[in-house]
Amino acid sequence: MNINVESSSPLRRKVTIELDQDEIGQELERSYSQLRRSVHLKGFRPGHAPRQMLERLFGDQVRSEVIQKLIRESTEKALSEHHLTPVSEPQIVTEETDLKKALRFAAVFDIRPEIQVRDYENLKVPRHEVKVTEEEVDAALQRMRERLAPLKKVENRSRVEAGDFAIVELEAFADGKPIEGSKVESRLLEISDKAIAHGLDQILVGAEVGVAGTARRSYPADYAEEDLAGKDVEWRFKVKEILRRELPNLDDEFAKDHGEFQSLGELRDKLRDNLLIQARQEADAKVRQGLLDIVLERNPVELPQSLIEREQRALEAEYAAALQASGMPVEQAMETAHKRHDEFRARAEKRAHSALILDALADQENVQVDDEEVGKRVAAMVSQAGRGREQAANFYSKEENLAALRASMRREKALDMLFQRAQKEEGEGTVSQGGEAGGGVESGGSTSEEQS
Amino acid sequence: MIDYALIKSPLITEKGTLVSEKTNQVVFKVSPDATKGAIRDAVEELFKVTVVKVRTINLMGKKRRVRRNAGKRADWKKAYVTLKEGDRIEIFEGV
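Sequence order for the protein chains is A and B. Numbering of the first sequence is given in the working numbering, commencing with residue 1 and proceeding in unit increments. Numbering of the second sequence is given in the working numbering, commencing with residue 1001 and proceeding in unit increments.
Do not take every clue at face value.
[Said to hold, decoys possible] Derived Cβ-Cβ restraints for the label pairs, each shown as a range:
1) B/S1031 <-> A/K42: 20 to 28 Å
2) A/K69 <-> B/S1031: 24 to 32 Å
3) A/Q324 <-> B/E1014: 50 to 58 Å
4) A/P46 <-> B/G1071: 22 to 30 Å
5) A/A317 <-> B/E1014: 22 to 30 Å
6) A/G59 <-> B/D1087: 22 to 30 Å
7) B/I1091 <-> A/A325: 54 to 62 Å
8) A/Q52 <-> B/K1084: 50 to 58 Å
9) B/R1088 <-> A/P46: 47 to 55 Å
[Claimed, not checked] Simulated pairs of lysine-lysine, DSS-like, Cα-Cα distance not exceeding 27 Å:
10) B/K1078 <-> B/K1053
11) A/K42 <-> B/K1077
12) B/K1008 <-> B/K1048
13) A/K42 <-> A/K77
14) B/K1063 <-> A/K42
15) A/K42 <-> B/K1008
16) A/K240 <-> A/K177
17) A/K42 <-> B/K1015
18) A/K42 <-> B/K1072
19) B/K1022 <-> A/K42
20) B/K1072 <-> B/K1022
21) A/K100 <-> A/K286
22) A/K69 <-> B/K1077
23) B/K1048 <-> B/K1072
24) B/K1048 <-> B/K1022
25) B/K1029 <-> A/K42
26) B/K1048 <-> B/K1062
27) B/K1062 <-> A/K42
28) B/K1063 <-> B/K1022
The set of hints was computed from the structure by calculation and includes no laboratory data. Only a predicted model underlies this, so the values are computations on that prediction, with no experimental measurement involved. The beta carbon of each residue, even a glycine, is placed where N, CA and C say it ideally should be.
Same shape as in the complex, but just chain A (with noise of 0.2 Å):
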């Protein structure tokens, strides 16, 4: 095996192999005998099909397997016979494939720049006073009652008014043909242009139960729903029924109803308690974000291109999840993730520089997680994960998955090591609240820091 490494930047290198005869008659023999002992080929027993028969029949098969495995292999092997460490992937570039002459290849990546991580000791943020006031308790309470109103039939009126609900039969016409797919024979909706789309909510206020009704709209051209596009509608729809939400009564049978509270008052600690922990967390988010971001300008680094794209393609790949999740088509969403592959540049920078960072700052610190910590991690999402539990759990039994969970919670260690560290001597003086024993006990393990 021959290998060559050329640095062509500061942090990448090119990595060329060259395999001779030997190396790669070696692999193909070993797959070849392989390969025997599972094939039937008609007129010899198993296992004693000839070398050239398998080569006439399975031949560029084996090939292209030994010449991935090779590849696969030799690149491991000069990787750490040189002692490179890649931070993404490496690239191949095969050159010679003819396998009987000889195998040559070359890996490009980039390497991780070698970081010291200055300046990060003595960083002091002020802890946020975190409150939560009566009327933020009250808006909670609210919006609980609302999302946990029953909906119940009007029986008083018989036309829609804005904010029903309405069991609605529905179909769209464009030139007295159907439009296929817009029949809805018996749906519940919201009366409201937040619920419902295409301008459905106005046509539907004021129609009366059980009378069938029309209405036209026409939708511009460039309208998104393509169906609709240009087109001159006809809304052809019957009210079934309407049905409102009615709120229930805010007194110790709500808070009994809904949870282990005897009384009102009890729901409202609960909510109290809820709302401060979430506006801790967010405080807290906040701080450890700034920490970090001081701690990134203080230690500019040069960032490896592969690591950069790498973190773009992953914020393409999120952002177009987000859009899938709102509603769009898969091809669509990717496609216009796509198209801001470049705005995505100054995040996936700041993103690879952090990752850098902070796996520095873990080497440095000796930062660990260990096996228990990353089986509880996996637990803790696989049972949160719902529906889609067998599905995590799969993802999660694979080393590689296994392995970038595990580097990112020790990121997420080093964050929290300074985010410790940074708080200890504005300990002292916390939030008095309620339900704040986490304050406390960080305060109380920082003085007896300071004695010793």
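Knowing the structure of chain A, use the given hints to seat chain B on it.
Only chain B this time, still in chain A's reference frame:
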């Protein structure tokens, strides 16, 4: 006149590849009424090779039955054709 149709098909088997390596023989399935001479002529013309020797064997078809109906596979003849040293026939070669 040379009757090419006497040669039914090449017989590629474990034993066939063995003898081809050892003694430069090739094996064919031939018509049961083919004579050694006719086989020689046909093989020489078809594959443009020189035949040194032809040996044949008649094989009885195996008895097979489907439910109640007894049957028998066709009898056939196998020919071992020895080629002149250095001659080759493409279809028996590996690649």
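Going down the list of hints, with the structure as the test:
1. B/S1031 <-> A/K42: 20 to 28 Å: 21 Å, holds
2. A/K69 <-> B/S1031: 24 to 32 Å: 48 Å, violated
3. A/Q324 <-> B/E1014: 50 to 58 Å: 57 Å, holds
4. A/P46 <-> B/G1071: 22 to 30 Å: 28 Å, holds
5. A/A317 <-> B/E1014: 22 to 30 Å: 53 Å, violated
6. A/G59 <-> B/D1087: 22 to 30 Å: With a Cβ separation near 25 Å, A/G59 and B/D1087 satisfy 22 to 30 Å, so the hint holds.
7. B/I1091 <-> A/A325: 54 to 62 Å: Given about 60 Å between the Cβ atoms, the range holds.
8. A/Q52 <-> B/K1084: 50 to 58 Å: 21 Å, violated
9. B/R1088 <-> A/P46: 47 to 55 Å: 28 Å, violated
10. B/K1078 <-> B/K1053: Distance ~14 Å between B/K1078 and B/K1053 Cα, so the pair holds.
11. A/K42 <-> B/K1077: 19 Å, holds
12. B/K1008 <-> B/K1048: Holds, at roughly 17 Å.
13. A/K42 <-> A/K77: Roughly 40 Å separates the two Cα atoms, so the pair is violated.
14. B/K1063 <-> A/K42: The hint holds at about 20 Å.
15. A/K42 <-> B/K1008: 17 Å, holds
16. A/K240 <-> A/K177: 23 Å, holds
17. A/K42 <-> B/K1015: 12 Å, holds
18. A/K42 <-> B/K1072: This hinted pair holds, its Cα atoms lying about 21 Å apart.
19. B/K1022 <-> A/K42: 21 Å, holds
20. B/K1072 <-> B/K1022: The given pair, whose Cα atoms are some 34 Å apart, is violated under the 27 Å limit.
21. A/K100 <-> A/K286: Violated. A/K100 to A/K286 sits at ~61 Å, over the 27 Å cutoff.
22. A/K69 <-> B/K1077: 46 Å, violated
23. B/K1048 <-> B/K1072: 36 Å, violated
24. B/K1048 <-> B/K1022: Distance of about 21 Å is within 27 Å: holds.
25. B/K1029 <-> A/K42: Holds - the C-alpha atoms of A/K42 and B/K1029 are around 15 Å apart, at most 27 Å.
26. B/K1048 <-> B/K1062: Measuring from Cα to Cα gives roughly 34 Å; hence the hint is violated.
27. B/K1062 <-> A/K42: 17 Å, holds
28. B/K1063 <-> B/K1022: 33 Å, violated
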